[in-house]
Amino acid sequence: MTSEAARVAGAPARAGARISQEKRRRDRRNRILLWAAVVAIMVFCLFPFYWLINTSLKTGQDLSTAKIFPPNPSLDNYKSIFEDSNFTTALRNSVIVSGITTALALVIGSFAGYALARLRFRGKFIMLAIILSITTFPPIAIAAPLFKFWTDLGIYDTLLGLVPPFLAFTLPLTIYVLASFFKEIPKDLSEAALVDGATHFQAFRKVVMPLAAPGLVTAGLLSFIWAWNEFLLAITLTSSPSARPVPPALAFFTGSQKFEVPLGTITAATVVVTVPLVALVLIFQKRIVAGLTAGAVKG
Amino acid sequence: MEAASAAVRQKQKRRSGFSAERRLGTAMMAPSLVVMALVAAFPIGYAIWLSLNEYSVRTPGLSRFVGIDNYTEALGDSRFWDAFRATFIFTGISVSIELVLGVAFALAMHQAFRGRAVLRATVLVPWAVLTFGTGLLWRSIFEPNLGFAPSMLSALGLPGGDVLWYGEDGWAMATLIFADVWKTAPFMALLLLAGLQVIPEEVYDAAKVDGATAWQRFTRITLPLLKPAILVALLFRTLDALRVFDLPFALTNGANGTTTLSLHAYNELTKNRLVGEGSALAVLTFVVVMTVSFLYIRFVGGNIRAMAEES
Amino acid sequence: MAQITLDKLTKRYPDGFEAVKEMSLTVEDGEFVILVGPSGCGKSTALRMIAGLEDITDGELRIGDEVVNDKAPKDRDIAMVFQNYALYPHMSVRDNMGFALKLRGTDKAEIDKKVEEAARILDLEQHLDRRPANLSGGQRQRVAMGRAIVRDPAAFLMDEPLSNLDAKLRVQMRTEVSRIQKNLGTTTIYVTHDQTEAMTLGDRVAVMRSGLLQQVGSPMELYNHPLNLFVAGFIGSPAMNFMPATVEGETVKLPIGDVRLPDEVHGRLGGTEGKTLIAGVRPENFEDASLVGDARDRGSTFPAHIEVLESLGSELYAHFTVASEQQIESQELRELAEDVGGGEVPMAGEEGRIVARLDPASEVRVGQESELWVDATRVHLFDPEDGRNLTTDAKGPAAVDGGQGGRDPEAAPPPAETR
Ligand SMILES: Nc1ncnc2c1ncn2[C@@H]1O[C@H](COP(=O)(O)OP(=O)(O)OP(=O)(O)O)[C@@H](O)[C@H]1O
Ligand SMILES: [Mg+2]
Chain A
7 MTSEAARVAG
17 APARAGARIS
27 QEKRRRDRRN
37 RILLWAAVVA
47 IMVFCLFPFY
57 WLINTSLKTG
67 QDLSTAKIFP
77 PNPSLDNYKS
87 IFEDSNFTTA
97 LRNSVIVSGI
107 TTALALVIGS
117 FAGYALARLR
127 FRGKFIMLAI
137 ILSITTFPPI
147 AIAAPLFKFW
157 TDLGIYDTLL
167 GLVPPFLAFT
177 LPLTIYVLAS
187 FFKEIPKDLS
197 EAALVDGATH
207 FQAFRKVVMP
217 LAAPGLVTAG
227 LLSFIWAWNE
237 FLLAITLTSS
247 PSARPVPPAL
257 AFFTGSQKFE
267 VPLGTITAAT
277 VVVTVPLVAL
287 VLIFQKRIVA
297 GLTAGAVKG
Chain B
252 MEAASAAVRQ
262 KQKRRSGFSA
272 ERRLGTAMMA
282 PSLVVMALVA
292 AFPIGYAIWL
302 SLNEYSVRTP
312 GLSRFVGIDN
322 YTEALGDSRF
332 WDAFRATFIF
342 TGISVSIELV
352 LGVAFALAMH
362 QAFRGRAVLR
372 ATVLVPWAVL
382 TFGTGLLWRS
392 IFEPNLGFAP
402 SMLSALGLPG
412 GDVLWYGEDG
422 WAMATLIFAD
432 VWKTAPFMAL
442 LLLAGLQVIP
452 EEVYDAAKVD
462 GATAWQRFTR
472 ITLPLLKPAI
482 LVALLFRTLD
492 ALRVFDLPFA
502 LTNGANGTTT
512 LSLHAYNELT
522 KNRLVGEGSA
532 LAVLTFVVVM
542 TVSFLYIRFV
552 GGNIRAMAEE
562 S
Chain C
92 MAQITLDKLT
102 KRYPDGFEAV
112 KEMSLTVEDG
122 EFVILVGPSG
132 CGKSTALRMI
142 AGLEDITDGE
152 LRIGDEVVND
162 KAPKDRDIAM
172 VFQNYALYPH
182 MSVRDNMGFA
192 LKLRGTDKAE
202 IDKKVEEAAR
212 ILDLEQHLDR
222 RPANLSGGQR
232 QRVAMGRAIV
242 RDPAAFLMDE
252 PLSNLDAKLR
262 VQMRTEVSRI
272 QKNLGTTTIY
282 VTHDQTEAMT
292 LGDRVAVMRS
302 GLLQQVGSPM
312 ELYNHPLNLF
322 VAGFIGSPAM
332 NFMPATVEGE
342 TVKLPIGDVR
352 LPDEVHGRLG
362 GTEGKTLIAG
372 VRPENFEDAS
382 LVGDARDRGS
392 TFPAHIEVLE
402 SLGSELYAHF
412 TVASEQQIES
422 QELRELAEDV
432 GGGEVPMAGE
442 EGRIVARLDP
452 ASEVRVGQES
462 ELWVDATRVH
472 LFDPEDGRNL
482 TTDAKGPAAV
492 DGGQGGRDPE
502 AAPPPAETR
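Chains as they are written, first to last, in our numbering: chain A, 7 to 305; chain B, 252 to 562; chain C, 92 to 510.
Treat the hints as calculated values from the structure; they're not laboratory data. All values reported here derive from a predicted model rather than from experimental measurement. Glycine included, each C-beta is placed from N, C-alpha and C at the ideal position. You can take every hint at face value.
Once the Cα atoms are required to be at most 25 Å apart in a straight line, the calculated BS3-like pairs of lysine-lysine come out as:
{"#": "1", "chain 1": "A", "residue 1": "K29", "chain 2": "C", "residue 2": "K165"}
{"#": "2", "chain 1": "A", "residue 1": "K292", "chain 2": "A", "residue 2": "K189"}
{"#": "3", "chain 1": "A", "residue 1": "K292", "chain 2": "B", "residue 2": "K478"}
{"#": "4", "chain 1": "C", "residue 1": "K162", "chain 2": "C", "residue 2": "K99"}
{"#": "5", "chain 1": "C", "residue 1": "K165", "chain 2": "C", "residue 2": "K99"}
{"#": "6", "chain 1": "A", "residue 1": "K154", "chain 2": "B", "residue 2": "K522"}
{"#": "7", "chain 1": "A", "residue 1": "K29", "chain 2": "C", "residue 2": "K99"}
{"#": "8", "chain 1": "C", "residue 1": "K162", "chain 2": "C", "residue 2": "K193"}
{"#": "9", "chain 1": "C", "residue 1": "K193", "chain 2": "B", "residue 2": "K478"}
{"#": "10", "chain 1": "C", "residue 1": "K344", "chain 2": "C", "residue 2": "K366"}
{"#": "11", "chain 1": "C", "residue 1": "K165", "chain 2": "C", "residue 2": "K205"}
{"#": "12", "chain 1": "A", "residue 1": "K130", "chain 2": "A", "residue 2": "K212"}
{"#": "13", "chain 1": "C", "residue 1": "K259", "chain 2": "C", "residue 2": "K273"}
{"#": "14", "chain 1": "A", "residue 1": "K130", "chain 2": "A", "residue 2": "K193"}
{"#": "15", "chain 1": "A", "residue 1": "K130", "chain 2": "A", "residue 2": "K189"}
{"#": "16", "chain 1": "C", "residue 1": "K273", "chain 2": "C", "residue 2": "K204"}
{"#": "17", "chain 1": "C", "residue 1": "K165", "chain 2": "C", "residue 2": "K199"}
{"#": "18", "chain 1": "C", "residue 1": "K162", "chain 2": "A", "residue 2": "K29"}
In silico negatives: residues of chain C with every beta carbon more than 10 Å from chain B:
{"#": "19", "residue": "R103"}
{"#": "20", "residue": "R211"}
{"#": "21", "residue": "G228"}
{"#": "22", "residue": "Q263"}
{"#": "23", "residue": "H316"}
{"#": "24", "residue": "A380"}
{"#": "25", "residue": "F393"}
{"#": "26", "residue": "I397"}
{"#": "27", "residue": "V399"}
{"#": "28", "residue": "R425"}
{"#": "29", "residue": "Q459"}
Using the sequences and the hints, build the whole thing.
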């Protein structure tokens, strides 16, 4: 239609330009829609987190107003949680338990991941089945037995007691992520090492491991975050502040005033334990996404 | 002759090479297996034993074998079925919303625009927030006077402004779902984004030339090709949701119809000190989760495998 | 069925890169046009603009009588065959082929009929219910063809459709494509960088280089009358031999000896006296001097020291080197060598390798001094600065295309002048 008119006018090149303008308008509308969606997603993701920070900066009377900006921003809540030895101990406990769990998971998980990715041995399928079924385990199912064993062994309510179950639950993910990284390292490399006279284990340690460093970072982060997050086992296997990691400590938080949900301090505590994680995740964004999706795409 | 025996030697050597490989494989698997068996599989067996006994609350260590009494008792208790229903309502609704939002987010993140990297990073923020903290966070949003949601809703004159959100039946479940959707829809989106990224651009070009509109390309190309990623993401999320514990603990402490299976078992075990009944409930939770994952893999998993083999 | 007209089509990518520059070309109804050029020259971009998959930055595109610049691909009635086939992995062969019709709301019986007909033509009947992933490369390629045929579109666009097949299958499918196009008589634009496909498949060939159309014409026109150094070197395999040349009166001095040029060629060389030019001679324009016979007068003979002989039975290639005091410094030639792929264009600098195709009956021997002959009427002379062919009377793509394209010959300068 438009082109017909243009032909009559005898200015085809102009017509092209005019139609292009229509198209440009359409493109602009699409871009606006896209940007609207992007902004909506950002608000969805960030606003609740902002509200947490907002609440943590309010004190006293302000804590009963829904002001979008804290009227009298104050760091008092932060001061008071850092003066609370229960909280600082919990932070220390979380760092220790998550750190040890992660280190152990990386060592023994990389062995298993390599075996699954590269070695031929019997029962591989069963291993995979076991690993997968552990990921579906509800932790509640082993809470009571572990409570009993740990009491008998004398490691109930100790940091040491938290490491084995954390390890058992982070291993499947660690193994899975590492195996998928190992699979991507060209087989030729380890085969070249074998031909050069290395044993399988030497090929693993000297050739494959150094190349899998990014995979280790990914698996390590995921495992650390898992352990940092774990709540159910942490609350059932500890009973005193000296052994409690952060999540159960938050559950027992009372803050300065009694008989009142201490929302100011509790949100401040949540911010404090979350911000390092958010920072880690943002710094290692690419690695984490690679790890999270390692399983999903390959099925 | 000489050559033949050399070949045999060669073969033997190769075979011994294989057995070394096999031994190493088993050895490398061993530590992980031991940990998982000792700390996860063996306790499950013990939990079953615990659930078949009755324990004296007054005299620690005193117990007697009661068979499946604990189970009949648990199954005859309406609180179990309440928890069962709450768990499935929570799972069904939150996972559905997460799927829809996840697909929408993934599509937006897949577009080419400046600042795409920023968006992809932003989406990881909710995922990085402590799960227990997420409960507290949403509590601060739904808190009657202080919270953003009630004040916003009453300012707009919408229903829900004067509701004590996490303290009323129905609304409490809604807050729980909000919290879960916020925390995990972005995670879902990342999984689906990875699925989108493996669909070749050329296929969309072909569909355009074949006359498909944008909507048709979405329903007839994107969705079917995204199906494997969707199924995997759904499985992960469903299993997580069925086990949910931290969120109701932090947000509602199980009040107003938000006691999930895990939370119910936990309360019986720790608050009420009922080791036998609690263990039976824990085992039942385990069975429910296992059944769902078995059914899922049985009926949908074959599908995934078939698709994986095809591509 | 329709005519496709590109009128000064230009594509500038968002990063500012101009992939196609003012391309003008008319493809007649039912015509089979081949688009060739080195990798990255903009062939796919041009094709995708025609398909509607890339926005047109400037210029006008007409299919039939309609300007389609801003039409979506689905409204252009064109079918496309992609390099990687782009089959829908989740659909059976039948559904792949019927997809476009289904989207258009064609009724099922009609779709089935058309799909089965196409399957018969392409010998895919037994595979209709299989998934693309389970097919061989050749079968997938045919499904991709089938998907295009079923639609009975105004035009086929094919982007290197055979490049993913192995050599034997490629030859087989080449004839297949040609046969199908002839039978259906559908306007076709076919992108390739394969010499043989370019020379054998199309009615006309359009040569592109860095986004610029170099020459359009029948395969023989391009072969015999290349407008510039680039087309000369790009078309033909083994490639044309290049060497420095100086015109002195009626003769041209080449490293292999002096050659007398035909009068009409000499007439076009005004003003080049004494300048160093580039001479181009195709391998088959050499011959063993003892086997030339009557044609001897058309050229001149020279001694050559044969270093390598390659006999393919029906063909015999003799390689020899010539030394020359002259050196040619030509940007054009260097770029050509890069475009065509290192070493394929013999560069007669200080020491040039020459390939000659001789009669298999020739008795020349490796390591011997042999008497060879060169056909003087087939010696091309190029301007080293702009690559222009000084020995041809054709006037650039406009002139070659003029009869059919009907575009203003002054609209675009001949490519030689664009540098
Ligand atoms: N999206 C884009 N943005 C910027 N430049 C691009 C884009 N797509 C292609 N190009 C550039 O445009 C030029 C032409 O690309 P095109 O794909 O058309 O080449 P081609 O002739 O088809 O090459 P080949 O034979 O390798 O397929 C190339 O130099 C390429 O780098
Ligand atoms: Mg291309």
